[in-house]
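Chemist: Listed below are the residues making up each chain.
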Amino acid sequence: GAGVSQTPSNKVTEKGKYVELRCDPISGHTALYWYRQSLGQGPEFLIYFQGTGAADDSGLPNDRFFAVRPEGSVSTLKIQRTERGDSAMYLCASSLTSGNNEQFFGPGTRLTVL
Amino acid sequence: AQTVTQSQPEMSVQEAETVTLSCTYDTSESDYYLFWYKQPPSRQMILVIRQEAYKQQNATENRFSVNFQKAAKSFSLKISDSQLGDAAMYFCATTNFGNEKLTFGTGTRLTIIP
Chain A
1 GAGVSQTPSN KVTEKGKYVE LRCDPISGHT ALYWYRQSLG QGPEFLIYFQ GTGAADDSGL
61 PNDRFFAVRP EGSVSTLKIQ RTERGDSAMY LCASSLTSGN NEQFFGPGTR LTVL
Chain B
1001 AQTVTQSQPE MSVQEAETVT LSCTYDTSES DYYLFWYKQP PSRQMILVIR QEAYKQQNAT
1061 ENRFSVNFQK AAKSFSLKIS DSQLGDAAMY FCATTNFGNE KLTFGTGTRL TIIP
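Chains as they are written, first to last, in the working numbering: chain A, 1 to 114; chain B, 1001 to 1114.
Bound conformation, chain B alone:
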């Protein structure tokens, strides 16, 4: 079974600054995917970024990037130039290759301070 741990229930960052959200996971599979999802207040969950475990290069999407440490089973999300619209719950998730179900962590609530 897979598990995902997010040890930071809440984080805050000053607008325009950089923040890093932590995630660790456990899986016995060699092929898997990792995701960060964003869930704004009262709005639906959207995918922020994804990483294939077989790729060594860290994924980036504009202001969002990950630090994927496969040996340590760590998958942190870095948000650069934080904006007010980044305020949301952020969930780390994983799924095995060929297995469709996502396993989520408990989330980190990110607050942006103007």
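Just chain A, same shape as in the assembly:
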């Protein structure tokens, strides 16, 4: 079956612009996670959805970052007024339910802010 997909695979933008990153989880997975991975580092948690609601957004670095999951499936990570420091790989993962089930990761979106 299809795994987690993320679009675009690469995004280059200019400082100050707005970007949207999309995640399509595995069908039937109710939990969805966003992580950010800087070069040479491990992924860092951003936000976790259970269904349509953000159950934990404690990892969002500031109010320029926002994520939605309006129908409990596809999620969009939105970054306003991008900064060069936002350049990273953004990973999405999904799991069947909450409760420490295996998280299946997508291929990521590499964001470059010039």
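Calculated from the structure, these hints are not laboratory results.
Misleading hints may appear alongside valid ones.
[Stated by the list, open to error] Derived Cβ-Cβ restraints for the label pairs, each shown as a range:
#	chain 1	residue 1	chain 2	residue 2	range
1	B	GLN1014	A	THR52	45 to 55 Å
2	B	ASN1058	A	LYS17	46 to 56 Å
3	B	ALA1072	A	SER27	38 to 48 Å
4	A	LYS17	B	LYS1070	44 to 54 Å
5	B	THR1020	A	LEU114	37 to 47 Å
6	A	ASN62	B	GLN1057	40 to 50 Å
7	B	THR1020	A	ARG22	20 to 30 Å
8	B	THR1018	A	GLU71	42 to 52 Å
9	A	ARG84	B	ASN1058	25 to 35 Å
[Stated by the list, open to error] Residues of chain B clear of chain A, computed beta-carbon distances all greater than 12 Å:
#	residue
10	PRO1009
11	MET1011
12	VAL1013
13	THR1024
14	ASN1062
15	SER1074
16	SER1076
17	GLN1083
18	LEU1084
19	GLY1085
20	PRO1114
Just so you know, even glycine gets a beta-carbon here, dropped at the ideal spot from N, CA and C.
Keeping the supplied structure of chain A fixed, place chain B upon it in accordance with the hints.
Modeler: Positioned in the frame of chain A, the structure of chain B alone reads:
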């Protein structure tokens, strides 16, 4: 807060030999999970093995096994009969029971020498 430390940025092993990747962690929780994830070059992250902290028996998955030392907060990964396809970044991660976010280490890059 949880922390995960991987002190070996790079490791190499001869094909068919055994290699051990180190990981230490810190948590104040009594119930938690530990994971090893593999991230091949330009490919998505996949789960290699997981361990529930309340289980004394070390987890094994085919050629992959862990040495879980709860008192020492150590969680090393042993790869037996190393294969070329094992070449990847390996990340150690942890999550508390009932808390969905994974905390990752900085990773170990494993090279397999033919």
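Chemist: Beyond 12 Å on every Cβ pair: is that true for B:THR1024 relative to chain A?
Modeler: 14 Å, holds
Chemist: How does the Cβ-Cβ distance of B:THR1018 and A:GLU71 compare with 42 to 52 Å: does it lie in that range?
Modeler: The hinted range 42 to 52 Å holds for B:THR1018 and A:GLU71, with Cβ atoms some 48 Å apart.
Chemist: Checking the smallest CB distance to chain A, is B:ASN1062 really beyond 12 Å?
Modeler: Correct as stated: the minimum Cβ-Cβ distance to chain A is 16 Å, above 12 Å.
Chemist: In terms of Cβ atoms, is chain A entirely out of 12 Å range of B:SER1076?
Modeler: Its Cβ never comes within 12 Å of chain A, the nearest being 17 Å, so this holds.
Chemist: A:ASN62 and B:GLN1057, beta-carbon distance inside 40 to 50 Å?
Modeler: 43 Å, holds
Chemist: Given the hint of 20 to 30 Å, is the C-beta distance from B:THR1020 to A:ARG22 inside that range or not?
Modeler: 39 Å Cβ-Cβ, so the 20 to 30 Å window is violated.
Chemist: Per the stated criterion, does the least C-beta distance between B:PRO1009 and chain A lie above 12 Å, as a non-interface residue requires?
Modeler: Answer for B:PRO1009: violated, closest chain A Cβ roughly 9 Å.
Chemist: For B:PRO1114, is the shortest beta carbon distance to chain A beyond 12 Å?
Modeler: Answer for B:PRO1114: holds, closest chain A Cβ roughly 26 Å.
Chemist: Compute the least Cβ-Cβ separation between B:VAL1013 and chain A, then decide whether it is above 12 Å.
Modeler: The assertion about B:VAL1013 holds, with a minimum of 21 Å to chain A.
Chemist: Given the hint of 37 to 47 Å, check if B:THR1020 and A:LEU114 actually sit that far apart at their C-beta atoms.
Modeler: Hint holds: Cβ distance 42 Å, inside 37 to 47 Å.
Chemist: Over 12 Å from every CB of chain A: does B:GLN1083 meet that, or does the non-interface label fail?
Modeler: 22 Å, holds
Chemist: Please verify that the nearest CB of chain A lies beyond 12 Å from B:LEU1084's CB.
Modeler: 21 Å, holds
Hint compliance for this structure: hints 7, 9, 10 are broken, all remaining hints hold.
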